[in-house]
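I would like the entire structure built from these sequences, with the hints used as guidance.
Chain by chain, the residues:
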Amino acid sequence: MTSPIVIGLEIHAQLKTRTKIFSPASALYCAEPNAQVREVDGGLPGALPSLNRAAVECAVQFGVAVGGRVNPRSEFARKNYFYPDLPKGYQISQYEYPVVSGGAIVVEDSKGGEKSVGLIRAHLEEDAGKLAHEGGASVADLNRAGVPLLEIVSEPHIFSAAEAAAYAKTVHALVRWLDICDGNMQEGSFRMDANISLRDKKGNPGVRCEIKNLNSFRFLEQALNYEAERQAEVLQSGGTVTQQTLLFDPARGETRPMRGKEDAEDYRYFPDPDLPPLLISEETIARIKESLPVLPRARRRMLAEKYGLNGYDAGLLCAARELADYFEKTLAELAPAKENLAAVAKTAANWILGDLASLMNRHSLSAKAAPVNAKALAGLLRAIGEGVISGKTAKAVLETMWKSGENAEAIIAREGLRQISDEGELQKLAEEIVRAHPAQAQEYRSGKEKLLAFFVGKIMSATKGKANPAQASAIIKKTLAD
Amino acid sequence: MKIGEDDIARLAKMTRLALTPAERAAAAKTLSDIVDMMAALKEADVADADPMAHVGLQAKAGLRLRGDKAQAGIPANELMANAPDARAGFFAVPKVIE
Amino acid sequence: MNGEITTAGAAGLLQMLREGKTTPADARAVFAERARELSRLNALVCEINDADGCGAEDGALFGVPVVHKDIFCQRGQKTTCASKMLANFVSPYDSAVVEKCRAAGMHCIARANMDEFAMGSSGENSAFGACKNPWDEARVSGGSSSGSAAAVAARIAPLATGTDTGGSIRQPAAFCGVCGIKPTYGRVSRWGLVAFASGFDQAGVFAASAEDCALGLSAIAGFDERDSTSLDVPGEDFSAGLEMPLRGLRIGKPKEFFDGGLDDGVAALLEDAFSEMQKAGAKIVEVSLPSARYAVAAYYILTCAEASSNLARYDGVRYGLRAENAEDIAALYEQSRAEGFGAEVKRRILAGAFVLSYGYRDAYYRRAMRARKRIAEEFARAFRECDIIAGPTTPTTAFAIGEISDPVQMYLQDIYTVPVSLAGLPAMSVPCGFAKKMPAGMQFIAPALEEKKLLAAAHQYQKQTDWHTRVPPLTPPIKDGGGETNNKKNIPPPVKDGGGTVNNKKNTPPPSLMGGDGGGKQ
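Protein chains in written order, with the working numbering: chain A, 1 to 482; chain B, 1 to 98; chain C, 1 to 522.
Do not take every clue at face value.
Distance condition first, Cα-Cα at most 30 Å in a straight line; then the derived DSS-like pairs of lysine-lysine [to be verified]:
{"id": "1", "chain 1": "B", "residue 1": "K60", "chain 2": "C", "residue 2": "K452"}
{"id": "2", "chain 1": "A", "residue 1": "K169", "chain 2": "B", "residue 2": "K95"}
{"id": "3", "chain 1": "C", "residue 1": "K84", "chain 2": "A", "residue 2": "K79"}
{"id": "4", "chain 1": "B", "residue 1": "K29", "chain 2": "B", "residue 2": "K2"}
{"id": "5", "chain 1": "B", "residue 1": "K2", "chain 2": "C", "residue 2": "K346"}
{"id": "6", "chain 1": "A", "residue 1": "K428", "chain 2": "A", "residue 2": "K403"}
Derived by calculation from the structure, the hints in this document are not laboratory data. Note that the structure is a prediction, hence the values are computed from the model and not measured.
Shown next as structure tokens:
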């Protein structure tokens, strides 16, 4: 059965380079307008582009990672149109001969099934500047003009809005995994355009519409759902869909035609005479292939096999390369005995995906930037494992570690958090408590075993929580039985 | 080949050139002549020649790649000095509606 | 003395400077004065610069004045491309050519007139008015580097920079009776050269002699990483090979360049030049460039296409002319561009958009790319049979101002220069005599990167002839010829009897100032 909805995505990933694609101006974000503009970015007369090696290497990494063909010869072309944020009156892009052809992205659905979405191509191009609208005027800032983009074009083989979002998320994770894009969607480092059409009754694809500039996965899904419904309604009422470029209005949850955008604009592409063909040698491709990190799916498999993690945890750890690295570094620090490996790994995964992840989220920090590094976390986990502190105490210690940057041992010592594991001391305490509560002891002995928690609670409060709960429970039990 | 005034209007819109009706008429005539001159190529037997986008030496050498080392931007006062309408460091134009 | 300075040429002036016969400041003042006296030629577009723009003292050409075509960005200077669009544009940066000339010690005394954005073959398409031909002020100087050629011809400067896209150095050099060299595409950096057609534009120099061209070219050539089409080849001293003899040199004569179209007078001068070179031991071989007949069509398709894109940046947003009272952005674009560009520029933008537009791209643009390839192949084949090619630079000598108004007829003036441009080869125009009192040029063409062969052939030819020493009969005349004591070669021929020192008697130089009949010779 063919899907009634046909979707193709064009993703613009801003490449993580220091300088712009065709000029040595800084490509980093800068708040001061027009402060990072060189001759070519400003479209000055006589200015000429020179291609950034780092941008090419990013594209090759992507091409190799998706199993695409890195073309030995590709070409830059000019896309001609006028817009106040386009200083040269044309965008340098790739048209007939992109740097990468083919390849595929393997997308997982929520049920754990897999689908491979083919890529048509990935090509290098320059970003435009930013146009802001103030009062009666529009103002252009060209800092972003010339920032390198990799445009990743999928085959129209995506059949639902949810699938489109899953595909986009996978691409997003991959470009971050490769460290070729920071993936910051608020700042526009990862933008999506979606083409959508509905098939007619005979199964032929219909007229398609393009929704431009979607900067969140949620909006992507909403926009596609809305547009699929809108097109279906048009067709059901006997109308025809007109080919147009649309914008999504998140406030209204609707798409609307983009103003000033001519239908089927003639961009008059031609090879940019300022830029000879881009030749990429087999050696370069081989070198980059060699230096490529293990890719997410392989890494997930690796984590599961090596540490006995379940697929779900391994998958979550592989959401970002630095998270997976963090996990493995933590394990390396702990260096558990072989027979304990799986258990220690599971504990580490739980802490990383649980408490640590929530701290990272709360502070919008990545694993790499977290103030608690793998070594420090290993220290904390060791303290738990050795019974020095309880899991509950450990949560508080982690918070302190995050804030102060101290290691677990120092915090435990300073705050006197060490668990009371001295059997004699606990035994004495247990006997005192049992003696002080004869009625409850009697009830317990006559079968009301639930009361054990009561006695353990008493010990915990007497020790201000520093008793090892398991140990305390065992000792109480023994004392009551005596 | 005859280039009509409507063709000229289309091309002028594409290239953002305001033309008066008289200019449009004149352009239709001269452009027809120019395109006729260009059409001489139709007779040329070039089907087996590869399209040449770059001169041989450059095509063979390919693109040189620049190291990813940043340089300061053009000083704002110099960059903006030629701007017909500069506002707070931005280039201003009449409002554009998207 | 002044006359000696102005006619000494770059090499001669350098020698005078070395011998202490003049100083850089004095020489500069002499040329500046001459520039002022001859302002009516309209060869220059800006104030004469008496003080600034000095070159480096340790440069090989320290003290040699130069004029830059107004297409090379010069920091802090107006760089207008002779367009209303850029009439007030002050460049915030230097072009590579300006940098190199400064480093070589040259003093930039002024900026030269040109056809707007280098589009034209007559110099008439300038927002500042046509540049006049110093040999006959009723005639055009040729274009687009009109002012550069006229300035060197009128001895306003010993050296001038220019750009050649389809003949814009060679053709005005021929029309003005001076030497002009367009090097191999990629030999001189295009950084800061305002683009007309990026895949063809190439900077070069004008001078009275091949020897001076070699000096100028050595100064401006060289690899520049800012230009991705700049060829990464070692810098060369182009003066070093000038003494390579003509003896044994195989000079190709493309038969297609002598069919039809060529003016009889010019053809006769070329025959003389060929026999002159043959006398010196060169071997003339006939070669064929059968597809050259498609060159004008292919050239205009490709360059108009590139121009339509290159000139899109002139939109009135960041610099350049902005129409007043434009209500919205569409009006701002359309009116600014309508006001800022002249008729020829608009014509080429429209034609360029046409050949790239949907439905026509394959038939025009793509086909022209194939023709370009074919022409390049034919040159390569011809160079298997000869070392250099020689032929006419232009079909006729300079025509009258206003004489050619039909654009297509104007484009056909480039018939002998554009094939070379399509192939990206180095070529040079050298004065080869006078037809009806106007100078004619012979074009030498060499394989890529073989500029030395061109310059050597031209220099050796100039040792046999003295056409390049002729100075146009201008008022005021050059003061104080400087002396009968000088080498004969450096004496401007007396205005009335050029025949005296000439070894080619067939054509005499013009007898009087405004002697041109102004008539057509198409």
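So, going through the hints one by one against the coordinates:
For the suggested pair B/K60 and C/K452, the alpha carbons sit about 23 Å apart, so the restraint of at most 30 Å is met. Of the pairs offered as hints, the one joining A/K169 and B/K95 is violated, with about 35 Å between alpha carbons and a cut-off of 30 Å exceeded. Between C/K84 and A/K79 the alpha-carbon distance is near 27 Å, which keeps this suggested pair within the 30 Å criterion. Simply put, B/K29 and B/K2 have alpha-carbon atoms about 8 Å apart, close enough for the 30 Å limit, and the pair holds.
Pair hint B/K2 plus C/K346 holds up; C-alpha atoms about 19 Å apart against a cutoff of 30 Å. At roughly 37 Å between alpha-carbon atoms, A/K428 and A/K403 are farther apart than 30 Å, so this suggested pair is violated.
Checked against the numbered hints listed earlier, the structure breaks hints 2 and 6; every other hint is satisfied.
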